[in-house]
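2 protein chains.
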Amino acid sequence: MRKIVSNTASRKLGLLRHLAASHSRFLASTPVLDLLSTMPSANPSAPALSLDTINPKVLKCEYAVRGEIVTLAQRLQQELLAKPGSHPFDEILYCNIGNPQSLSQPPITFFREVLALCDHPAILDKSETQGLFSADAIERAWQILDQIPGRATGAYSHSQGIKGLRDTIAAGIEARDGFPADPNDIFLTDGASPAVHMMMQLLIRSEKDGILCPIPQYPLYSASIALHGGTLVPYYLDEATGWGLEVSELKKQLDSAKSKGITVRALVVINPGNPTGQVLAEENQRGIVEFCKKECLVLLADEVYQENVYVPEKTFHSFKKISRSMGYGEKDISLVSFQSVSKGYHGECGKRGGYMEVTGFSPDVREQMYKVASVNLCSNISGQILASLVMCPPKVGDESYESYCAEKDGILTSLARRAKALEDAFNNLEGVSCNKAEGAMYLFPCIHLPQKAVKAAEALKTAPDAFYCHHLLNATGIVVVPGSGFGQVPGTWHFRCTILPQEDKIPAIVSRLTDFHKGFMDEFRD
Amino acid sequence: MRKIVSNTASRKLGLLRHLAASHSRFLASTPVLDLLSTMPSANPSAPALSLDTINPKVLKCEYAVRGEIVTLAQRLQQELLAKPGSHPFDEILYCNIGNPQSLSQPPITFFREVLALCDHPAILDKSETQGLFSADAIERAWQILDQIPGRATGAYSHSQGIKGLRDTIAAGIEARDGFPADPNDIFLTDGASPAVHMMMQLLIRSEKDGILCPIPQYPLYSASIALHGGTLVPYYLDEATGWGLEVSELKKQLDSAKSKGITVRALVVINPGNPTGQVLAEENQRGIVEFCKKECLVLLADEVYQENVYVPEKTFHSFKKISRSMGYGEKDISLVSFQSVSKGYHGECGKRGGYMEVTGFSPDVREQMYKVASVNLCSNISGQILASLVMCPPKVGDESYESYCAEKDGILTSLARRAKALEDAFNNLEGVSCNKAEGAMYLFPCIHLPQKAVKAAEALKTAPDAFYCHHLLNATGIVVVPGSGFGQVPGTWHFRCTILPQEDKIPAIVSRLTDFHKGFMDEFRD
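Just so you know, the sequences run in chain order A and B.
Heads up, our numbering is the position in the first sequence plus 515, with the first residue counted as 1.
Heads up, our numbering is the position in the second sequence plus 515, with the first residue counted as 1.
Simulated from the structure, these hints should not be mistaken for lab results.
Among the clues, some could well be false.
Copies of the same chain look alike in the list, so a pair counts if it fits in one copy or across any two.
Claimed, not checked - Cut-off 25 Å, straight-line C-alpha distance, at most; resulting in silico cross-link-like pairs (DSS-like, lysine-lysine):
| id | residue 1 | residue 2 |
| --- | --- | --- |
| 1 | K775 | K967 |
| 2 | K598 | K678 |
| 3 | K910 | K598 |
| 4 | K575 | K886 |
| 5 | K886 | K1020 |
| 6 | K773 | K723 |
| 7 | K641 | K970 |
| 8 | K976 | K886 |
| 9 | K1033 | K598 |
| 10 | K923 | K976 |
| 11 | K773 | K572 |
In this text the structure is predicted, and so the values were computed from the model without any measurement.
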């Protein structure tokens, strides 16, 4: 198949390499290498890209949620498929990632009706459509189409997203917070992750720029900071007080970073917490806002779990609401709030919808944000539409309202029960203590591992929590993520487990987990 | 509304600031500032992020396709809306961007049927659905759902995309090229842009790393290289030979870059060309492959216009097909092919679907690619589904086949006619010469501007082509992008104009354009 190539230089080099190869058996290699180095081209046997020549920031980046343990799980799954009965479990249970629909959570019907109609508007005025779709979904689809220039759902939108959808989202934020929201402050993005990357890209100039991040944290932050070449400045959440966030700790870590020559640019707060599940108290949030204002930090508020609060004594308050209620406006604090369609009761991870609301930045900085958003043209329109639906769901009187509420409440109350059942199960295990999941989708139990297990892990050059998680996976098919992927107080060990498995499977999971843990502790008891 | 804040340090600072403000009216300000500087916090009046403290790579990045001219167009559009008749035209005609559906190109029915059904699978087995959707769309939706684990279209997928869809895409590539394609080589992405960014992120370590890019180029490349802090190494396409790409020019620029201490990592080739519209000859492509192999460069092949070829004498050949037909395999050349659902006859820009096929990288580098892809979890599922449809459209015998062919051919033959009409119109203008658009969606005419116009532009500190484009927009409402946004031989001036306006509007556009051009030349004639 190889065609004749007219490039003589290449053929000449090939000949020289052939000569070099044969000469080197007999002669000192230096003259031959010298001869080769006079050739104008590079060494054709070196790969164009290798670990030696790859961007070292990429090598530094880690993302445990889809790390080694998930690769192992995928392998086990293939083995189960190829050879049923080859492992002591029938299925892999992915508790590594907040991916509700992968664990059979159904989508919200109204949202999907609207998306389908916007995808294929040609059916909107067909009579059969009335029988298939709810009246308010049809009406909403028309409204949305009218907000899209030329009703073109297949066109690139404005770089920040379709203006009419941003109007809807701003109205939803106003209704949530009781303070004004400006559609021009909304940047619609493919999930929250690209928004976080964009902020890191704007903020990080070199490794001398630091971002204050909670420990434990969601590894998107450590990954993004690594990819952009900055420094993660950790602040520790206090496990003893239910993963409390102390402003004194923020100050201590800020000063420590400053003393090392780090310019701290921003503070990341995840509320409700991931992986820790705590919901911040209003008073605590006020202290954080005051701290950011005083220290001139951009407050990066990850609020993607705003709908996921499971305890009656806690309520979600956005940082924008808190700062506005303190009387702080545009001039006082630079604030970015991240929201996603992937979480909440809807859990539409695959749709990759989300937005950030940016306030307190000068027009020239905003222009730079717009430019960076423009380089990728726009986020996907289905995700944009879904973000508007999430921020403006059916209302009292709409045909879908009751079924929507039933679906939503069914999911949220079930999540609360699952969180409690798993929390109790973890707290019943020897040497395990687990804080309540007040919100979000995770539990982050602390495991007091026996020294023998720690040593066995070290012998394998594995973190002890990763060692535990591997054993758990191999014995039960349950995939959880080692705490070392999120960060933890040195010498403590945790893992993150989602609360998402189907409710009727929870008893079996608890029983598998309990049996495994007993066996593990017996095996490694000091 | 301002609540009492318990943070005493903050209150103390407020008090000091108050003192400072009153003192400074009477005293030299230095001691007060000294007093303030002993406070542990930063200067609260400095913004947390400003142009002085923003990542300078962001400032360097430019993206003309959505640059200043588009901002002006949006303003004019708002003025027209607020005050009809306020400008000498009724509508803004966006010829700045390859966004077919924004200019009324309808989507392909079959594609949208499948997307709608996958968005709302609950209707798949309802009887009304048979009347609304074609039988093969229903069948395809079932097939796709069966390829998605748990039929969960709302779940995050594998980081590279749903395996079954990658199988379909790989089969489509095989059918196109006649050479094997591996689904594990496919990374599904939200349009082609994130894929390009990912490659730049992997390749660029510092400004000492260079990427060979055509001039003129699509500004995604210059923007991405700037954002990742690398160096764009230009190679010039030869306008006189229909934007010919000469390997001797590649070699010259490579050597020149090397002599300046730049390590050239990759070569970008856009085929069919953007903004230049040429379709490379097979022989030319072979020379490029040979060059990359010899010089150990990653070949980044932008092949998003592979369906957009308008002249019978040219055919699209993928670089993968070319390199395999030369007998080069995995070990010989590192090759990335970018594909998008935004272009072709379908033009589904808003869906943000696309993929890259990566071949010739070692497993450890591939692992790094997977990791970087994982940080953003996955691309949107609708875009993934659409990418599979584009690579595997209806076939002979399918219910939709005839209507699909009619829609596709209708669009492509119309685009060919529009390209020819606009090309002819440009060539009829005084001092304008325009190469044929053999493919893609653009014309890139060269305008020989009178010295008086060049001087008038310089007086306004504007590039002369931008000056021309601003005049054109203000006079006609037609938005085109100045050639300076794409790069051009110094001293020459161009603009990029899409071939996408509706066909029945072309005569009016040509007439507005011709009138404007005459007036402009008369005004500025030397």
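To see whether the hints hold, each was checked on the structure:
| no. | hint | verdict |
| --- | --- | --- |
| 1 | K775 to K967 | neither (37 Å within a copy, 57 Å between copies) |
| 2 | K598 to K678 | between (53 Å within a copy, 20 Å between copies) |
| 3 | K910 to K598 | neither (50 Å within a copy, 36 Å between copies) |
| 4 | K575 to K886 | between (28 Å within a copy, 11 Å between copies) |
| 5 | K886 to K1020 | neither (48 Å within a copy, 31 Å between copies) |
| 6 | K773 to K723 | within (10 Å within a copy, 30 Å between copies) |
| 7 | K641 to K970 | neither (69 Å within a copy, 60 Å between copies) |
| 8 | K976 to K886 | between (45 Å within a copy, 21 Å between copies) |
| 9 | K1033 to K598 | neither (28 Å within a copy, 76 Å between copies) |
| 10 | K923 to K976 | neither (45 Å within a copy, 57 Å between copies) |
| 11 | K773 to K572 | both (23 Å within a copy, 24 Å between copies) |
In this structure, the hints that do not hold are numbers 1, 3, 5, 7, 9 and 10, in rising order.
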